[in-house]
Each structure stands twice: as structure tokens, then as C-alpha cells.
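Both chains come to you apart, so use the hints to assemble them.
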Amino acid sequence: MTAQCTDGWLVARVREGDLEALGELYKRYKTQVYRTALAITHDERAAEDILQDAFLRVYTYADRIDETVLLGPWLYRVTVNLAYSWTNRVKRWWYSLQDTLDRWASPAHTYPEALAEDEEWRQALLQAIDALPPGHRVVVILHYLEGLSLKEIAYIVDVPEGTVKSRLHYARESLKRAMLERERRLVPEVAYDFT
Amino acid sequence: MTLRRNMFDGRCTDALDDLCRWALCDSVGQVQPPAYVWEKIEQQVQRRMVSRPRWWALARMWEEFKRNVRRHMGGLTGQYAGYETFYQPVIFGVWEGSLPLSLVYIIEQPMPMLRGVGWAT
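Residue numbers (the numbering used here), protein chains in the order written: chain A, 1 to 195; chain P, 1 to 121.
Now the stretches of chain P that chain A is said to cover, found in silico as 3 or more residues with beta-carbon under 8 Å:
no.: 1; stretch: 17–23
no.: 2; stretch: 38–48
Which chain A residues stay away from chain P? Per the calculated CB distances, all over 12 Å, these:
no.: 3; residue: T6
no.: 4; residue: A12
no.: 5; residue: I65
no.: 6; residue: T68
no.: 7; residue: G72
no.: 8; residue: P73
no.: 9; residue: W86
no.: 10; residue: P133
no.: 11; residue: G135
no.: 12; residue: S149
no.: 13; residue: V157
no.: 14; residue: D158
no.: 15; residue: G162
no.: 16; residue: T163
If you want the footprint, here are the derived chain A segments under chain P, 3+ residues with CB under 8 Å:
no.: 17; stretch: 38–47
no.: 18; stretch: 139–147
If you are wondering where the hints come from, they were derived from the structure by calculation, not from laboratory data. All values reported here derive from a predicted model rather than from experimental measurement. Ideal placement from N, C-alpha and C gives every residue a C-beta, glycine not left out.
Bound-form chain P, shown alone (with noise of 0.2 Å):
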């Protein structure tokens, strides 16, 4: 004991150090999870990979739809020239931020352009 107050009384700075480390490591350092926290966490998993298609399909859905405005106003000619620059920009920039603004702005497409994405007929 008088080895351990000399410790503390600083003329052995380390000792404080390994002291602290072999408290925790020896409270705490050779435990290990039980085998069931690994079965819950497949199963909780599992149930999620049930669900995320619903998902993934939406999303899919919503990336060929971006794919298909890009391809269709990269190929405007004529009079529609020049809506690439302006409503690409639009689109993207709003729909994604507000879905009520981006309605009002799919509704002022042109109808040309929103039959080319497959939105009118």
C-alpha cells in the first residue's frame, strides 16, 4: 500500500496510468456481447430488407424519371432550344426542396415537353 501512495504522491507519474488501465481492463476488458444480440440485429435487418424494396422501387422510379427529362431536353430543337437551360434548373432545383411549388412548376411545362417524360399525353 505504501508502494501505491508513493504512486499517487507523483514520484511515479505512470503509475496512475497503468492503474487506471488495469481497473477498467480488468472490470470490463475481457467481456464479450452475447451470442443473441447478433440474432436480434439479423432479424431487425432482415425485417427492414422487407420493407426497402417499396422504397428502392420509388426512388428508381424517381431517378429514370430525372434520366429521362435530362435525355429528352438535351434533344430539344427549335423553338424549345432553349427551355434546357431554363427549366432544368427548375425542376431539379425546386422539385426536390418543395413538391407543391414543383406541381406548379411540372404544370407550366410546356405540353411537349411533359409528353416526352411520359407525365402528359
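Here chain A stands alone, though its shape is the one from the complex (with noise of 0.2 Å):
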């Protein structure tokens, strides 16, 4: 099955049943699909299960799939919504995030310094955006990582494209604070004493 086809012709073929149009379309959307997941899990094995799940939905509702537009944006949806319902469902929030606060806590003396300091302003960055509430969080991810539009996140996670815009805004002030927070607490004011 050649790469020229498109993903409506590949979705009318597994409307038929046909699995080898099923695995051209996962060879297509794997990557973006198992990363947006493994961003909002934190879980590898979360992770693989979404993936599972959202091509056995490509499966199951082929015949509701619009083949005119691309795959994508619907697939993204159906990733966003598992990822959601896995966090909701077991409350791994709290062990994700109490993984990255291990992890932050645990010195970085392996790594050359400058290494070191790079890793450490990435958690740092991390942190603060699993920190977010889940709707600014998707909508950082969706947008930092996947490059995807303000119009394409909205219908995504079908709010309006404002809300998506406001919910950015508020998500990179807040993650602005928490940087200049950070950044204060390792660069404390030097006092100069010149008595």
C-alpha cells in the first residue's frame, strides 16, 4: 500500500475491513499519537495502551470517520479524551507529578555542568506545565509539541478557539511565574555589606 494515498481512501478501506490500510494509517500517526499520550501520562505503558485503543477506535468506527479531512485531528482528539479519562480514572496526576518532584530533587552531579543546568531548567520547565490544570495542560502540549493551530486545538478539544486562546495565555503566564519563581529561589539578591 503506497504512502500516496490518502487517509480517506485508507479509511474506506478499513471500513471493509481491511488491515493492511489500518497499519499504513498507524505507520502515519503512531509517533504523534503515542507522544501526545505519553506527554499528558508521563506513562510509557499508559502510553501504548491509548495508542492500542485509539486504532481499535479507527477500527470500530470507521464508518463514522468524515474521509474528506485528515485522520489527524480526529485522532488527536480521540488520544486527548483516553489520556484524560487514564489521569482521571487511576489519579496518576499525583504519582506524575511526585515523580518529577523526585526527580528534581535528586541531584543532577552526573551530568557537566552546564549539562546539568540545562537538564535541570528542562524539569524545572516540566514541572511547571504538569502543574497546570488539565485543560491549559493539553492545550501547552498540543500546541508546544505538536505545533498544531489555535483552530485545530479547539475542534481537538472542542471548546471554542477563544477559550483555547485564553487558556494558552493564562498557561504561559503561569508557567512565566513559576520560572521567575524558580529563578529567584536559586539566584537569592546578594546582600553587600560594606561596614
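Here's what the structure looks like:
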């Protein structure tokens, strides 16, 4: 099955029970789906389950998928919903946050200084992203990791475009505050004593 | 670090965007799902395919029945000529919504009509 086939054509083939067509769609979208799921859940097993579920849904609901548009947004929507359900179901928010805090608390002495600093920044920012409310977090992940437009995100999370814009704005403000706060903690004001 | 602090102070508004992109991409940007995920999907789909023909056969029978009814009603003449407009919406409108009611309507159909669609002898 060639890569030139459109998503719509492949979905139509899946409707007829063509497993090869499903395999081609899987090849096209597996990375995005897995990456998004992993970014939300921080759990490899959960991300694998979500990836599996998402493609089983493509097979099950192939007759309801609009074949005139790309499959990507529909798949993202399913992925985000499955990831939401997973996090709500097992309340892993706290576990993943705890993991991040543990990692953050452990010394990064195995890295050279510059790398360790970068790693600290990365961890701090990821921790700040994790601390965002779920709705804001998903918008940040879809926007920055997947590079999706506000309109695409609005379709995926099923809210108006204005809401996505405002969520992104508040998320950015919140991240900025968190990083500035961290910076202040790490580099306290130097008190000069001239006496 | 000072450079970064300047970024967050708002002097460089795109820097936070860049940092977010970098942090997220660095964290999960290169990940790939393990190969066994597709194998699991394949197995599940194949399992479903085995059980699917039964449902497909039922669905095909139902479609065939509807086609027969329509064909039969379209060809009604004489005293039953008016039934086409009267019964067709009843059968397809109600049957698909509620089985018990639909059965009542089937029983109410004149015998020749049921014979015509193969539901009576």
C-alpha cells in the first residue's frame, strides 16, 4: 500500500475490513499519538494502551469518520480524551507529579555542569507544565509539542477557539511566574555589606 | 542564567515559547512506540474479524428484507395500491426504533403483503 493514498481512501478500506490500510494509517500517525499520550500521562504503558485503543477505535468507528478530511485531528481528539480518562481514572496526576518532584529533588551531579543546568531547566519547566490545570496542560502540549494551530486544538478539545487562546495565555503566564519564582529561589539577592 | 531571567522578565516574549518547545520536544520528541503495540492491535482486529461475519450476515438479511418490502410495495395494485404510502413509513420508522411495536405492525399487515416479502405462507 503506497504512501500516496489519502487518509480518506484508507479509512474507506478500513471500513471494508482491510487490515493493511489500518497498518498504513498506524504508520502515519503512531508517533504523534504515542508522543501526545506520553506527554500527558508520563507513563509509557498508559501511552501504549492509549495508542492501541485509539487505533482500535479507528477500526471500530471507521464508518463514522469523515473521509473528506485528514484523520489526524480526529485521532488527536481520541488520544486526548483517552489520556484524560486515564488520568482521571487512576488519579495518576499525583503520582507523576511525585515522580517529577523526586527527580527534581535528586542531585544532577552525573551531568557536566552546563548539561546539568539545562536538564534542571527542562525538568523545572516540565514540572511547571505538569502543575497546570489539565485543560491548560493539554493546550500547551498540543501547541508546543505537536505544533498545532489554535483552530486545530479547538476542534480536538472541543471548545471555542477563543477559549483555547485564553487557556494558552493563562498557561504561559503561569509558566512564566513559576520559572521566575524558581529563578528567584536559585539566585537570591546578594546583600552587600560595606561596614 | 541571567539570559534566561531576562527572557522570563518579558523582554523576549518568544523565549518562553521556545523553551516550552525545547523542554517538551527534548522530553518526548524522539520517542517511538514499541513494535509490539501494532502486533497487539493486529491480533485484536483479527479476533474481531472472526466474529464480524455473523453480525454482517444479520445486517445483510435486514437490508435484503427492507429492499424486498420496498419492491413489493412499489408493485402493489388494486385494493392494496394505497398501502404503499401508509405502511412503508410505519414499518421503517417504527421497527427500527422499537421491536415490540414493530412486531404488532407486522401482524397488522394484510397477509398477501407479508407473503410477498417472504414473512408468511
